[in-house]
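Knowing the structure of chain A, use the given hints to seat chains B and C on it.
Protein chains in written order, with the numbering used here: chain A, 1 to 267; chain B, 1001 to 1244; chain C, 2001 to 2577.
Simulated from the structure, these hints should not be mistaken for laboratory data. Beta carbons are placed, not taken as given, at the ideal position from N, Cα and C, and that holds for glycine. You can trust all of the hints, since none of them are fake.
Okay, the calculated beta carbon distance ranges per label pair:
id	chain 1	residue 1	chain 2	residue 2	range
1	C	2018	B	1241	48 to 54 Å
2	C	2013	B	1096	46 to 52 Å
3	A	98	B	1241	42 to 48 Å
4	B	1046	C	2122	23 to 29 Å
Distance condition first, Cα-Cα at most 30 Å in a straight line; then the derived DSBU-like pairs of lysine-lysine:
id	chain 1	residue 1	chain 2	residue 2
5	C	2257	B	1244
6	A	149	C	2257
7	A	243	C	2257
8	A	142	A	171
9	C	2257	A	142
10	A	171	C	2257
11	C	2303	A	84
12	C	2019	B	1214
13	A	70	C	2518
14	A	171	A	149
15	C	2019	C	2515
16	A	171	A	258
17	C	2562	A	77
18	A	243	A	149
19	C	2518	C	2019
20	A	77	C	2303
21	A	23	A	243
22	A	149	A	267
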Amino acid sequence: MGLALLAIIWLITFVSTYFFAAKTWWLPHGAAASAQWIDSQFALTYALMGIVFVAAQVALGWLVWRYQDKGPSQPVKYTHGNTKLELIWTTLTAVLFIGLNLMGSSVWAAERFEPAVAGSIPVEVTGMQFAWYFRYAGPDGKFGATQPKLMDPSAGNEAAIGLDTSDAASKDDVVTGTMYLPVNREVDLHLRSVDVIHSFFVPSFRFKQDAVPGLEIHMHITPTEIGDYEIACAELCGLGHYKMHGMVHVVSQEDFDKWMAAREAEK
Amino acid sequence: MSSISPPIPVDVLKGGRGGPTPPKSGGDGYRGDGSPNYGQRLRRARLGLIVGLASVTMIFVSLTSALVFRQGLPTFDPTTSSYVRDWIPLNLPVALLVVNTVLLLFSSLSAELARRQVTRQAALAPVHSIPGVSLGNERQFPWLAVTLVLGTGFLAGQWMAWREMADRGFYVATSASSSFFYLLTATHAAHLGGGILVLLYAAGTSLLHRPVEKRRIVVDVTAWYWHFMFVLWIYIFALLWFVK
Amino acid sequence: MATSATVHSHAAPQGFIRKYVFSLDHKVIGLQYYFLALVAVFVGMFLSLLMRIHMIWPTAVLPLIGEIKPETYLQLLTMHGTIMVFFVLTTAPQGGFGNYFLPIQIGAPDMAFPVLNMLSFWTTFVAFVVLICAFFVTGGAPLHGWTGYAPLSALTNSGPGEQLGADLWITSIAIFCIASLMGALNFITTTLDMRAKGMTMFRLPLTVWAWFITAILGLLAFGVLLSAGILLLLDRNVGTSFYVPLVVVNGQVMGHKGGSPLLWQHLFWFFGHPEVYIAILPGMGVASQLLSTFARKPIFGYKAMVYAIMAIGFLGFMVWGHHMFMSGMSPYSAFAFSIMTMAIGVPSAIKTFNWLGTLMHARIRFQTPMLYAVGFVSLFVSGGLSGPFLAQPTLDIPLHDTAFVVGHFHLIMGVAAIFGMFAGTYYWFPKMFGRMMNETWGRIHFVITLIGTYCIFMPMHYLGMAGQPRRYSQFTELNYLHNLIPLNTFITYAAIITISAQFIFVINLFWSMFKGPKASDNPWQATTLEWTTATPPPHDNFGGVTPVVYHGPYEYSVPGAKQDFILQTDPAGATAH
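Next comes chain A alone, as it looks inside the complex (with noise of 0.2 Å):
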């Protein structure tokens, strides 16, 4: 029984770990400024583990193989543990552990603890039960006020946010279902959500976020690479939470431009 317990466990970890070895499926290509820090130390995180993961279902087979009872005479080593041996291995495990998180603390101060820089564009994005919309300033660089009470799904864009159009600021925001940016340039998001708790998930620029009713969070991006790219959403929110996505299209400066000046002209 001990060869068919080795035999299982190091049949399951090769098979587990073939299938990470050759990322069969694996994280998106990152196409935002932030997914290569956070892709480096996901490597090196998952190039420990692997390790350990390994290690540790080898051994565990190969102890069961070992030392499984082959008649009466099979010394047994009668022993309590080995402090210096525990000592050891749980500061090494310390050391590693914590070594390996305090590396990827500057990739987390970096996309959280700093605002956006000046001169990136501000996009507002609210969630709700079960769309994205997505609000861009217009020229005088300020968004409007919205009203709850004027808030109407079925009306779509300006009226499902609820957009007061008798505030001053409003009458140029652009009130969209589809996410325009320009590439290369600092996106400073601020996240809402009308009802429920939501998340904005971006795979491919490693951006997720919660939005939250009562809280508006300020989170920024840059996105590399012109494309698509589909954001789903990543907070239960109802039974449209499958089905709550959207699209990003990451464009180039000019055509941005052209894209916001038909909005406007289309008001």
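Using the frame of chain A, we list chains B and C on its own:
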């Protein structure tokens, strides 16, 4: 049973190696001769109370953290796109609450007197079993009943305080501050109500002439619980006062 | 065996009701908890089967059940999580085996407060009934997940099932909290006050340490969940705004304002994180016990194991924020929580090293309980090592709320903890029922379940890295999810096979109760106190005699001893441990 050749004498109770030594007699509440071990049972009941009070404490710790969190929390107002604080100070009926506190204080004192009274009775119980011996003055002052009356009075006073708050326009859902007022006082009142039920049970054991040692355990544990409820009330009152 | 003065034993109860229904005997109560959990786990597994079928065949119409709509999927998901976490993982390892064997392993005749013990079981039972009722009321069960985030759970119009169903869900959990607090009180008082002579704290079996620390975690955590639930009930029914700010649902402005959804998360996870340690610690205790017994060798580093359990328990209260890295919580708090979370990996690693150390230079017997104990270690390693990914907030960004998390916690709670229960069942079955379970079917069940559960939950890590969010009822709407459907299909087939294989266990369990070969008092030649008494143990556990303890719990293969094990109650022996 396994038999192992020559028993090697071993010092069984190596306290230093093993940690605190357990009680010497069987752990089941009875002495070796079959008579009940009330001292052990009292200790165990008190230990159970302390453990139980830890969980009650956690309930109030979590309610306190919720209150502190909520009080300091600004909420995003979409109409002005800014954060506003909406903690409305409470207009507490302080005089009434002070009266209730005094009632509870006196009930705690009477509970303590009841506890000491029954401890004495339990200590003297063996004397009563000697035929022909009497300690005189068989009727003792009903401190337990006094506690019950004062405790019920506290609950009635709390009910009046709630009515007063409602009259002042603070209902449960009026504001976060009023919600916490009702929540904290009601949770405390519920726990105190539980204490009253146990006191009634203690009174019942007395009327039904259960052994005084058993009654002592019930009254002892209930009295300590009661003192805890009093200290808890002081804490809640102070908290409501300082965050109002 | 040396005896102390004869213990006064209480008369055993007569009559069916006193003996089997409202019994005060911790052994009967333990079995009641165990069988409640057995029913619950089959209900929970059935729900997950329906979920997996819907994910792959969203439009399928099933016999008797009909079509599963997206909201139904979420209702199944919510109830699956709630039933499994509370009525299986918190009930069987602690309430089941803990109740049955803690008093015996410490040499006590029963729990400290038998009436409270009986009440705690029946309160748990009532909680289960209330929860199941949610399926049958108007609107059905709630759809907000076992985590019940507000405002989704706090608004009655946020979705189907969020009216009476959600109120029943909260009520059931509140009742469960009270039941657990009663149980915790009993476990702690018993362990501290009722140990037999010679049973010092550092001679306790690791199973007892695990149940003891688990009870402390429960004592301090369940009160917080109770508070959280009361606040949620008030928000839903009385119009308070603890958790709900100004919100607009479907164009309708709701009457709340100023509340904080994050407050729910803080309160819930302050409970929720210790809860997952409550789910796993008893399994670790069982693993330690069985590895030592079947390897015929003392556990490697007993004291370190005890300190590790304590450290896990203590640190378990300091890491709750790691569930909230993406929640809008302060990023500075996130950093602090992540350091604590990495720290908690250290005692877990120590335990794993010590388990491996126990196996080295041993003489391992592979009866079925041992297979599950070894399986536990493998699963704990696998499930544990995905933790350091999630513990780093930077890496949590792509992985939070994806299938990666689902794979992580299922490997530990859904499989390793369950293996702890399987191990405990096969191990203690002879003592509880006087018969042995069938070894051959045990092995078959073990192999299918080990491979099957790895096939179900390991691929979820790949899916999570690829960006598959959790709690999605189907993968038809997002283009990038289409490529992941084949792997999801594989998981569904693995689930169907593995769930079917669990019937092998149940049949083995019940068949062996009546027809299994008779067991001796100590079939595993183990050292702890339950193996020194009759089978099944008499009403007061030791037949009128108080045990006296002379040794630690893992004296196997002691040099110079006549046999390769020394009972804890054996006065002779060449050791002072």
